[in-house]
Every structure is written in C-alpha cells, then in structure tokens.
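In case you want the letters, here they are:
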Amino acid sequence: MIDRTIQPTITEAAKPVILVPEAIQLDNELPVHILNAGTQEVTRLDFIFDAGLWHESKPLQSAFANAMMQEGSERYSGAQIAEIMDFRGAYIQFVIDHHFGTISLISLNKHLPHLLPVVEDLIKHSSFEEHEFETMMNRRKQRFLLENKKVKVLCQKKISEALFGNQHPYSQKVSKEDFQAIRRDDLYNFYTKFYRSGNCRILATGNTDPQLANMLNQHFGSDDWQGERMVRPEFTIQASDKKVHQVKKKDAIQSAIRIGRLMVKKDHPDFHSLQVLTTILGGYFSSRLMANIREEKGYTYGIGSSIMSLNEAGYLVIATETDQAYVKDTIAEVFIELKRLREEPVSAKELKRVRQYLLGEFIRDFDGPFAQAQSFRSVADFGLDHRFHEQYYQTLMSITPEKLQALARQYFVESEFHTVIAGA
Amino acid sequence: MIKFQRYQLENGLQLLIYPDYSTPMVALDVCYHIGAKNENPNRTGFAHLFEHLMFGGTKNIPDYDEALQHAGGENNAYTTNDLTNYYLTIPKENLETGFWLESDRMLELDFSEEKLNIQKNVVIEEFKQRNLNQPYGDVWPLLRELAYKVHPYQWQTIGKEISHIADASLEEVKDFFFRFYAPDNAALILSGHVDPDACLQLAEKWFGSIPNRKVSKAPLPQEPTQTEFREKTVERDVPDTALYLAFHMPDRRQYEYYVCDLISDVLSNGNSSRLYQRLIKEQKLFVELDAYVSGDHDPGLFIVSGKLADGVSIDTAKSAIWKELKIMQTELVSTVELEKIKNKLEANLVYSQMSYLNIAQELANFENIDRAERINEQVDLYRSVNSADLMRQAQQLFQEPNCSQLNYLAKK
Numbered sequence: 001m002i003d004r005t006i007q008p009t010i011t012e013a014a015k016p017v018i019l020v021p022e023a024i025q026l027d028n029e030l031p032v033h034i035l036n037a038g039t040q041e042v043t044r045l046d047f048i049f050d051a052g053l054w055h056e057s058k059p060l061q062s063a064f065a066n067a068m069m070q071e072g073s074e075r076y077s078g079a080q081i082a083e084i085m086d087f088r089g090a091y092i093q094f095v096i097d098h099h100f101g102t103i104s105l106i107s108l109n110k111h112l113p114h115l116l117p118v119v120e121d122l123i124k125h126s127s128f129e130e131h132e133f134e135t136m137m138n139r140r141k142q143r144f145l146l147e148n149k150k151v152k153v154l155c156q157k158k159i160s161e162a163l164f165g166n167q168h169p170y171s172q173k174v175s176k177e178d179f180q181a182i183r184r185d186d187l188y189n190f191y192t193k194f195y196r197s198g199n200c201r202i203l204a205t206g207n208t209d210p211q212l213a214n215m216l217n218q219h220f221g222s223d224d225w226q227g228e229r230m231v232r233p234e235f236t237i238q239a240s241d242k243k244v245h246q247v248k249k250k251d252a253i254q255s256a257i258r259i260g261r262l263m264v265k266k267d268h269p270d271f272h273s274l275q276v277l278t279t280i281l282g283g284y285f286s287s288r289l290m291a292n293i294r295e296e297k298g299y300t301y302g303i304g305s306s307i308m309s310l311n312e313a314g315y316l317v318i319a320t321e322t323d324q325a326y327v328k329d330t331i332a333e334v335f336i337e338l339k340r341l342r343e344e345p346v347s348a349k350e351l352k353r354v355r356q357y358l359l360g361e362f363i364r365d366f367d368g369p370f371a372q373a374q375s376f377r378s379v380a381d382f383g384l385d386h387r388f389h390e391q392y393y394q395t396l397m398s399i400t401p402e403k404l405q406a407l408a409r410q411y412f413v414e415s416e417f418h419t420v421i422a423g424a
Numbered sequence: 425m426i427k428f429q430r431y432q433l434e435n436g437l438q439l440l441i442y443p444d445y446s447t448p449m450v451a452l453d454v455c456y457h458i459g460a461k462n463e464n465p466n467r468t469g470f471a472h473l474f475e476h477l478m479f480g481g482t483k484n485i486p487d488y489d490e491a492l493q494h495a496g497g498e499n500n501a502y503t504t505n506d507l508t509n510y511y512l513t514i515p516k517e518n519l520e521t522g523f524w525l526e527s528d529r530m531l532e533l534d535f536s537e538e539k540l541n542i543q544k545n546v547v548i549e550e551f552k553q554r555n556l557n558q559p560y561g562d563v564w565p566l567l568r569e570l571a572y573k574v575h576p577y578q579w580q581t582i583g584k585e586i587s588h589i590a591d592a593s594l595e596e597v598k599d600f601f602f603r604f605y606a607p608d609n610a611a612l613i614l615s616g617h618v619d620p621d622a623c624l625q626l627a628e629k630w631f632g633s634i635p636n637r638k639v640s641k642a643p644l645p646q647e648p649t650q651t652e653f654r655e656k657t658v659e660r661d662v663p664d665t666a667l668y669l670a671f672h673m674p675d676r677r678q679y680e681y682y683v684c685d686l687i688s689d690v691l692s693n694g695n696s697s698r699l700y701q702r703l704i705k706e707q708k709l710f711v712e713l714d715a716y717v718s719g720d721h722d723p724g725l726f727i728v729s730g731k732l733a734d735g736v737s738i739d740t741a742k743s744a745i746w747k748e749l750k751i752m753q754t755e756l757v758s759t760v761e762l763e764k765i766k767n768k769l770e771a772n773l774v775y776s777q778m779s780y781l782n783i784a785q786e787l788a789n790f791e792n793i794d795r796a797e798r799i800n801e802q803v804d805l806y807r808s809v810n811s812a813d814l815m816r817q818a819q820q821l822f823q824e825p826n827c828s829q830l831n832y833l834a835k836k
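Sequences listed follow chains A and B, in order. The first sequence begins at 1 in this note's numbering and counts up by one. The second sequence begins at 425 in this note's numbering and counts up by one.
Honestly, the hints are just simulated from the structure, not real lab data. As the structure is a computational prediction, the values presented were derived from the model and not from experiment. Careful, some of the hints might be misleading.
Unchecked claim - With a cut-off of at most 27 Å between alpha-carbon atoms, the simulated DSS-like pairs for lysine-lysine come out as follows:
1) Lys-539/B / Lys-141/A
2) Lys-835/B / Lys-173/A
3) Lys-328/A / Lys-552/B
4) Lys-173/A / Lys-483/B
5) Lys-539/B / Lys-349/A
6) Lys-250/A / Lys-552/B
7) Lys-552/B / Lys-152/A
8) Lys-150/A / Lys-708/B
9) Lys-58/A / Lys-705/B
10) Lys-297/A / Lys-836/B
11) Lys-352/A / Lys-539/B
12) Lys-157/A / Lys-598/B
13) Lys-328/A / Lys-539/B
14) Lys-149/A / Lys-539/B
15) Lys-835/B / Lys-250/A
16) Lys-483/B / Lys-352/A
17) Lys-656/B / Lys-150/A
18) Lys-249/A / Lys-836/B
19) Lys-836/B / Lys-150/A
20) Lys-705/B / Lys-149/A
21) Lys-176/A / Lys-705/B
22) Lys-539/B / Lys-176/A
23) Lys-483/B / Lys-297/A
24) Lys-152/A / Lys-836/B
25) Lys-598/B / Lys-249/A
26) Lys-248/A / Lys-835/B
As the list claims (entries may be wrong) - Negatives, chain A to chain B, calculated, CB over 12 Å:
27) Ile-6
28) Ala-23
29) Glu-56
30) Asp-97
31) Lys-124
32) Lys-141
33) Gln-156
34) Val-174
35) Asp-223
36) Gln-238
37) Asn-311
38) Asp-323
39) Ala-332
40) Arg-409
Ideal placement from N, C-alpha and C gives every residue a C-beta, glycine not left out.
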C-alpha cells in the first residue's frame with residue numbers, strides 16, 4: 001500500500017533557458033530582433049512604434065491612429081486587407097498601450113511572402129479614409145459606453161486618476177465627449193509623425209525562415225518612410241490628497257474595490273523583492289488575501305494584488321468585486337493583511353511555497369517561442385535586457401523573511417494607500 | 425497528426441499520453457464525464473459547485489494548492505454543460521506530485537459543512553459577478569430557456585437559480601461525488617515532456633487502487649423538434665439593443681455539425697466575412713455581429729448575435745440577417761471563399777499545436793464526446809465539406825419554425 005499522506009519527492013526545477021535574440025539592423029538602421037525558437041513553421045512579427053497614449057495631444061488619438069491602419073492603404077482597401085489576411089489564415093492585431101503602438105502579424109511561414117507587401121503598405125501608406133473613420137469611431141464609442149457600465153471599469157478609472165492626477169497620461173480620462181471631438185486629421189497627423197522607421201523596432205519570433213531578415217529589409221529597410229525619433233514629453237504625477245473615493249453606479253449588485261499606491265519602477269533595486277512580497281499578499285491562489293477573504297470568509301469570487309509596471313511609474317493595486325454588504329469588512333481585512341506583513345515575518349514554509357510557485361511561473365514565462373518573446377518585450381520595452389531576468393531569479397532564490405518584512409514596513413504604509421469603491 | 429497513446433486501467437480509467445519534448449513542462453488533465461446536463465433539474469449548478477469543492481482538500485492532503493505550489497505547479501478547472509475538466513501544469517521533474525494530488529481527489533474529498541458553506545458563498549458571489557452585475561449577463565439563461573423546453577441544456581453551468589446552490593446539503597454533495605467522480609467516468613491525459621512508460625507506471629501506482637464505482641447515468645431527455653417560431657423581448661439597462669437568433673442544430677458526432685460550423689465561418693469568421701463586411705461595414709446596421717455554433721456535445725445551437733447600431737430597429741436588423749441566411753440557402757459559396765475558410769482552419773490547427781496544454785484539453789473534449797481519436801479526424805472532415813453541403817444544410821437549419829429570437833432592448 002502506498003502512503004498517500006506523503007508528497008512525492010520534490011526536485012528543484014531546472015532554471016529555464018532564456019534566449020537572447022539576435023540583433024540586426026535593416027539598411028535604414030531600423031533595429032530588428034530575431035528570436036528563433038519553436039518547432040512549428042510559424043512566425044510572429046511585432047512592429048513596435050513609440051506611439052502610445054503618452055504622446056497624445058487629444059484623448060483617443062493614439063488608439064484610433066493605431067486601429068485605423070487596418071482600414072485601408074494606398075494599394076488595398078480595408079476589405080481587401082481583411083480578405084488577404086483571412087485567406088492566408090493569418091492574424092493581424094493592432095494594440096495600443098501607454099507608450100507603444102504595436103502591429104502584430106502571426107502567420108505560417110509559407111504565407112509571409114504574400115503578406116509582407118500588405119503589411120508594408122498599411123504601415124507606410126495608410127489612407128485614413130473619412131467614412132472608415134466614422135464607422136470605427138461609432139463602434140468604439142458603443143463599446144466604450146458598454147465598458148463604462150461595469151463597476152470594475154469605473155473603479156479602475158478612478159484609482160488611476162487618484163494616483164496620477166487627471167492631467168497625467170497614466171490617468172484614464174476618456175469621456176463620451178472625446179468621441180465627438182476627435183477628427184480624422186488628428187489621427188492622420190499623429191500617424192504621419194509617429195509611424196515612421198526612425199520610431200520603430202521589429203521583433204520576429206518563431207521557427208523563422210532563414211530568408212526572413214532579407215524579406216524584412218526588402219519591405220521595411222528603405223529610406224522612403226524615415227522620420228524623427230520622437231522624444232517623450234515629461235509629465236508630473238499629482239496624486240489626490242483625498243484617500244477614499246466613491247463612484248456611484250445605481251442598481252449595481254456588487255461593488256468593485258481598488259486599493260492602491262504608487263510603487264517603484266522596474267529599474268529600482270527593490271523591484272524584484274517587491275514582486276515576491278506582492279505575490280504573498282495577493283498574487284496567487286493561496287495568497288494571504290485569497291486565503292482570508294475568499295477561502296475563509298467567502299466574501300468574494302476573487303481578490304488579487306499586483307504591481308503594474310509602466311515606463312515612467314509603477315503602482316500596486318489590490319482589486320476585487322463583492323456584495324455591498326461585505327465592502328466594509330473586505331477593506332478592513334485588506335488593511336489587516338498589510339499590517340500582518342509589516343508586523344510578522346513570513347514563515348519559512350510560506351516563503352518556500354511562494355518561491356516554488358514563482359519558480360514554476362518563471363519557467364512558464366520562457367516556455368515556447370511566444371512566451372519567450374513576451375518576456376523579451378517585458379524588458380526591451382523598458383530599455384532593460386536579459387540581466388533583469390537573471391537578477392529576478394537570484395532574488396527569488398535568496399530572499400529572506402527579514403527582507404520581506406523590512407519592505408512591507410517601507411512600502412505597505414497604510415496612509416499612502418488610496419481606496420476606491422464603485423457601486424450602488 | 426497528434427500521435428498519442430491510449431491505455432486503460434483495470435478500474436476503467438482511460439489514460440491518454442501525448443509527448444511533446446519542446447517544453448520542460450507537463451500538463452496533467454483529468455476529465456470527468458459529468459457536466460451540468462447530468463444534474464437534477466432542482467439541484468442545478470452542482471457540477472460547477474464541485475469544481476470549487478475539489479480544491480478544499482482530501483483526508484490525506486489537507487491543502488491541495490500548497491502541495492502543488494511546492495512543486496512549482498499551477499492548476500485550474502472548468503465546467504461545461506457536458507464535462508468538468510481539471511488540469512495542472514508542472515515542471516517535468518515533479519510530475520509525480522500531480523499524480524499524487526489528482527488521484528487523491530478522485531479517491532475521496534474531505535467534505536465538511538464549513539467548507540461547503542464557504543464555497544457556496546463564493547459561488548453565489550461568482551453568480552452575481554458574472555450573471556447579475558454584468559451588462560448582458562443574463563442573455564444566456566434567457567436564450568437557453570427559450571430554445572430548450574426539455575433538454576438540460578436549458579440551464580447554464582452556474583445553475584438555474586441561486587437557491588439551488590444555497591440549499592445544497594452535505595449529503596447531496598457527497599452523493600454527487602460518489603455517483604460521478606470515479607475512474608470509470610474519467611480520462612487522465614498527459615501531454616508535454618513525458619516518458620510514456622513512466623506515466624503508465626505512475627498511473628497504476630496512484631490511480632490503480634481507486635475502486636470502479638459502476639457509474640451509470642440516466643439517459644437525458646431529448647429536445648423534441650421545434651415546430652414554432654419563438655420570440656422573447658426584455659428591456660435592460662445596457663447601452664445597445666441586441667438581437668439573438670438561435671437555431672437547433674445536429675450533435676457533435678454528426679457530419680452535419682461540421683457543415684454548420686463552416687456555415688458560421690463563412691458568415692462571420694474574420695474581418696473579411698460576410699456579416700462583418702456587409703452588415704457592419706457597408707450597411708452599418710450593427711456594431712457587432714457574430715454567427716457561431718455553441719459546440720455542445722448533444723444537439724446544440726447555431727447562434728447569430730448582434731448589437732444594433734444606434735437608431736436601427738429590431739425589424740430592420742432581423743431582416744438584414746435573414747437576407748444573408750437566405751443567400752446561404754440559395755447561392756453556392758464560391759470555391760475561393762470556401763478555400764479561405766479551410767486555409768484558416770488549417771492555420772489554426774498548426775497554431776493550436778504550439779501549446780501542449782491546449783492539446784491535452786482538446787483530447788479531453790473529444791474523449792468526452794466519445795473518443796479522443798476524433799482529434800485526428802477533424803481536418804479531413806472539414807476538408808470534405810463542399811459548397812453543395814453548405815447550401816443543403818443552410819436550407820434545413822435556417823427555418824423560421826426552428827428559430828428562437830431574443831430581443832434585448834436598451835432602456836432609454
């Protein structure tokens with residue numbers, strides 16, 4: 001008979017292989033990283049432009065300029081672009097964040113020669129036609145109105161405003177009126193300034209074709225789409241003096257809660273250790289917050305904490321949704337958990353557990369070509385490199401309960417947290 | 425071709441092994457052939473409630489998550505109307521911990537009133553979060569009730585109503601476990617960096633001694649053919665009026681299922697599809713519009729759902745959709761259009777093989793239908809569909825008496 005009470009022997013899992021992509025330049029000096037990995041004949045291409053929200057002179061400008069690029073170019077109408085992509089079983093995605101506007105193509109290798117001319121045309125010669133703009137704007141507006149019916153969206157907006165002040169690009173401040181105010185020319189001007197080779201880098205991932213670099217050079221390496229490298233303007237963070245905020249949403253059955261504070265950026269020496277601390281607090285299923293507020297009290301379906309890392313700032317946020325009746329107690333319990341981390345050292349057992357969990361996550365972060373690519377971007381977008389991952393691994397292996405408690409005392413200071421409740 | 429191996433343990437447990445050495449991880453997936461459709465109509469939501477209780481620990485292993493996290497593992501689960509699937513991924517070095525944990529959950533959970541009460545509360549909050557507090561959150565329950573009068577697909581996995589969860593007793597919960605959670609009602613799937621011989625030995629070691637529980641499931645009531653058009657109208661505080669058309673379609677084992685799936689692709693797979701180009705982009709009648717099959721294993725639904733552009737009436741929207749459905753019934757889909765759909769399927773198949781976990785879940789799904797080997801028959805089935813099949817199937821499918829229509833009006 002086997003003894004089912006004893007766990008099979010645990011071996012420390014091997015540290016993952018962190019691939020360092022090959023760095024090349026096209027003839028026009030556009031930087032390209034090629035990350036060769038995987039077994040399937042698939043390539044992902046990311047065209048990354050420094051063209052995010054940070055550079056907007058009007059709300060919605062960066063997001064719409066990015067999205068409009070799929071709606072037609074000099075040689076292809078929007079319908080033709082869609083037709084060619086679908087015919088080749090490829091996916092093209094247009095994604096915007098605070099700092100970057102990205103165009104991503106995922107395709108079987110064999111179809112790339114048919115797709116790159118299309119991608120070239122839509123990036124270099126997008127047409128921004130007025131009627132396409134209006135259709136897109138109306139659809140986006142309706143989606144925006146839908147999102148703004150959700151308490152968690154209202155809550156997230158409010159906390160970003162509380163932490164950064166409503167003039168800062170990290171504060172989510174889009175309103176319904178902005179959809180009326182934005183014009184086709186606002187987008188086109190943004191596009192002609194920011195979607196240029198001097199403001200672009202390319203990341204290629206997958207079991208790539210040996211000819212890929214040549215193909216990229218042929219389509220994107222010429223001087224016909226030069227432009228300046230854009231400088232990031234500066235903004236000052238103006239956090240609200242008020243620490244508790246309410247957003248009313250009538251008839252809401254549950255309330256959303258966000259509790260947050262500003263945090264260090266990725267290049268700060270405490271960053272990796274704070275990741276471990278935040279995971280203990282609310283970053284995995286057995287975290288303090290989940291164990292107490294979901295598993296012991298049953299107040300919520302889920303509660304979590306995470307550090308949001310942006311290029312110019314970072315913040316910690318604790319997020320949950322719960323019935324009105326549990327709001328007060330849930331918030332109180334969150335602060336009790338922060339206090340416990342300040343006052344009691346984490347046990348060796350708990351630390352071991354979170355370490356093993358994070359080590360497993362670390363391996364997953366590098367498992368497969370697309371995961372490797374994402375991990376690469378998580379440093380490259382911040383001007384960092386693979387040493388960041390090495391340092392994280394070292395921190396994970398060596399961090400102590402004393403260090404965690406010292407960090408909790410330094411960063412988990414109750415008076416520095418903002419609390420937002422959105423609900424009825 | 426997904427080359428996997430199949431074994432069966434003496435207690436009836438099916439074992440499927442798919443090696444993929446491009447990853448240092450292994451996915452261990454236990455699929456129980458118990459879904460919301462097997463529930464008592466007065467105790468709905470049990471299969472899903474179990475998904476929560478399964479993490480409450482066993483007599484031998486009080487804390488499932490702690491043990492798994494020590495091994496660098498991660499896990500989750502989902503419940504559908506047809507099955508409940510538990511999966512974990514773990515570094516290959518520590519695979520045995522996965523066997524240990526999953527076999528002990530199959531052996532016996534550590535039930536208690538206290539744990540049950542907490543998880544009941546969590547599920548009730550989940551019910552509120554997903555169904556009640558989300559715009560459009562009650563569309564599925566409304567549509568299911570309209571389309572199904574007899575078949576248990578009329579309720580969703582989270583349950584028909586909160587009281588079914590709130591009133592569940594410990595005895596009922598235990599009974600449900602021993603009736604359905606058994607080696608003879610499950611499949612164990614391993615995919616990723618595995619040695620098949622070692623897996624077989626570990627399966628014998630950990631799962632081999634769990635008794636066969638002689639699971640027998642009551643035959644499900646079959647939905648009679650719908651003979652009359654059904655329509656329901658509700659008004660809600662949402663930004664856009666939405667329209668849903670649901671048509672009964674063949675079950676997952678039929679060739680016609682694949683034909684229906686391709687019809688939905690012609691209509692709405694990708695930005696070049698008919699509904700997107702014509703009704704959203706050209707005529708601007710909708711801001712969102714999709715056609716898809718529900719994917720249920722018993723006869724399911726073919727659904728067309730859309731959110732109307734501002735100022736468009738339900739009647740205008742409805743006739744525009746029907747016009748497209750009529751075209752499917754009267755005009756052959758061109759060779760180029762059909763090739764596009766099939767190219768896309770082929771590419772998606774290659775993309776999906778990039779994930780060992782995804783393969784494990786697909787195998788689980790096909791095994792639940794009847795046999796995992798179906799995973800390798802999909803491409804040929806789709807490839808064999810021609811334009812005449814699409815037209816013939818559209819003629820059968822898109823009949824008004826086979827349609828349930830939900831008008832979901834935005835309160836002004």
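Comparing the hints with the structure gives:
Our distance criterion of 27 Å between C-alpha atoms is broken by Lys-539/B and Lys-141/A, whose separation comes to about 45 Å. Only pairs whose Cα atoms come within 27 Å are accepted, and Lys-835/B paired with Lys-173/A is accepted, the gap being roughly 26 Å. Simply put, Lys-328/A and Lys-552/B have alpha-carbon atoms about 18 Å apart, close enough for the 27 Å limit, and the pair holds. Only pairs whose Cα atoms come within 27 Å are accepted, and Lys-173/A paired with Lys-483/B is rejected, the gap being roughly 52 Å.
Note on Lys-539/B and Lys-349/A: the hinted pairing holds, with a Cα-Cα distance of about 24 Å set against a maximum of 27 Å. Between Lys-250/A and Lys-552/B, the direct Cα distance comes to roughly 15 Å. Compliance with the 27 Å bound is thereby established for this hinted pair. Restraint check for Lys-552/B and Lys-152/A: the C-alpha separation of about 14 Å stays at or below 27 Å, so the hint holds. Note on Lys-150/A and Lys-708/B: the hinted pairing holds, with a Cα-Cα distance of about 26 Å set against a maximum of 27 Å.
At roughly 26 Å between alpha-carbon atoms, Lys-58/A and Lys-705/B fall within 27 Å of each other, so this suggested pair holds. Of the pairs offered as hints, the one joining Lys-297/A and Lys-836/B is violated, with about 39 Å between alpha carbons and a cut-off of 27 Å exceeded. Proximity of Lys-352/A to Lys-539/B is assessed by CA-CA distance (about 26 Å); at most 27 Å being required, the pair is judged to hold. Proximity of Lys-157/A to Lys-598/B is assessed by CA-CA distance (about 45 Å); at most 27 Å being required, the pair is judged violated.
In summary, the hint linking Lys-328/A to Lys-539/B is supported, as the alpha carbons are separated by about 23 Å, within the 27 Å threshold. A C-alpha spacing of about 34 Å is found between Lys-149/A and Lys-539/B, which places the hinted pair above 27 Å, so the restraint is violated. Only pairs whose Cα atoms come within 27 Å are accepted, and Lys-835/B paired with Lys-250/A is accepted, the gap being roughly 14 Å. Between Lys-483/B and Lys-352/A, the direct Cα distance comes to roughly 23 Å. Compliance with the 27 Å bound is thereby established for this hinted pair.
The suggested pairing of Lys-656/B with Lys-150/A holds, with an alpha-carbon distance near 25 Å, which does not exceed 27 Å. Between Lys-249/A and Lys-836/B the CA atoms are separated by roughly 17 Å; this keeps the pair inside 27 Å, and the hint holds. Of the pairs offered as hints, the one joining Lys-836/B and Lys-150/A holds, with about 18 Å between alpha carbons and a cut-off of 27 Å not exceeded. Of the pairs offered as hints, the one joining Lys-705/B and Lys-149/A holds, with about 26 Å between alpha carbons and a cut-off of 27 Å not exceeded.
For the hint linking Lys-176/A to Lys-705/B, the alpha-carbon distance of about 22 Å falls within 27 Å, and the restraint holds. A distance of roughly 46 Å separates the Cα atoms of Lys-539/B and Lys-176/A; the hinted pair therefore is violated under the 27 Å criterion. Between Lys-483/B and Lys-297/A the CA atoms are separated by roughly 22 Å; this keeps the pair inside 27 Å, and the hint holds. Taken as a hint, the Lys-152/A and Lys-836/B pair is honoured in the structure, with Cα atoms around 23 Å apart against an allowance of 27 Å.
Using a Cα cut-off of 27 Å, the hinted pair Lys-598/B and Lys-249/A is violated, with the two alpha carbons roughly 41 Å apart. Taking the CA atoms of Lys-248/A and Lys-835/B, the gap is near 19 Å; set against the 27 Å cutoff, the hint holds. Distance check for Ile-6/A against chain B: the nearest CB is about 9 Å away, which does not clear 12 Å, and the non-interface claim fails. A cut-off of 12 Å between C-beta atoms confirms that Ala-23/A is not in contact with chain B; the least separation is 24 Å.
Taking the minimum C-beta to C-beta distance to chain B, about 24 Å, the non-interface status of Glu-56/A holds against the 12 Å cut. Distance check on Asp-97/A: its Cβ is at least 22 Å (rounded) from any Cβ of chain B, clearing the 12 Å threshold; non-interface status holds. No beta-carbon of chain B is positioned within 12 Å of the beta-carbon of Lys-124/A; the least distance is around 21 Å. At roughly 9 Å, the least C-beta separation between Lys-141/A and chain B is not larger than 12 Å, which violates its mark as non-interface.
With a least beta-carbon separation of about 15 Å from chain B, Gln-156/A lies farther than 12 Å from that chain, consistent with its non-interface assignment. For Val-174/A, the condition that its CB be more than 12 Å from all CB atoms of chain B holds, with the nearest at approximately 15 Å. Consistency note on Asp-223/A: stated as away from chain B, and its beta-carbon is indeed over 12 Å from all of that chain's, at 32 Å minimum. The non-interface label for Gln-238/A is consistent with chain B: the shortest C-beta to C-beta separation is roughly 32 Å, beyond 12 Å.
Every C-beta of chain B lies more than 12 Å from that of Asn-311/A, the closest at about 29 Å, which supports listing it as non-interface. Not every CB of chain B is more than 12 Å from the CB of Asp-323/A (nearest about 6 Å), against its label as outside the interface. Non-interface status of Ala-332/A relative to chain B is upheld: no Cβ of that chain comes within 12 Å, the nearest being about 18 Å off. No Cβ of chain B comes within 12 Å of the Cβ of Arg-409/A; the nearest lies about 26 Å off, and the non-interface call holds.
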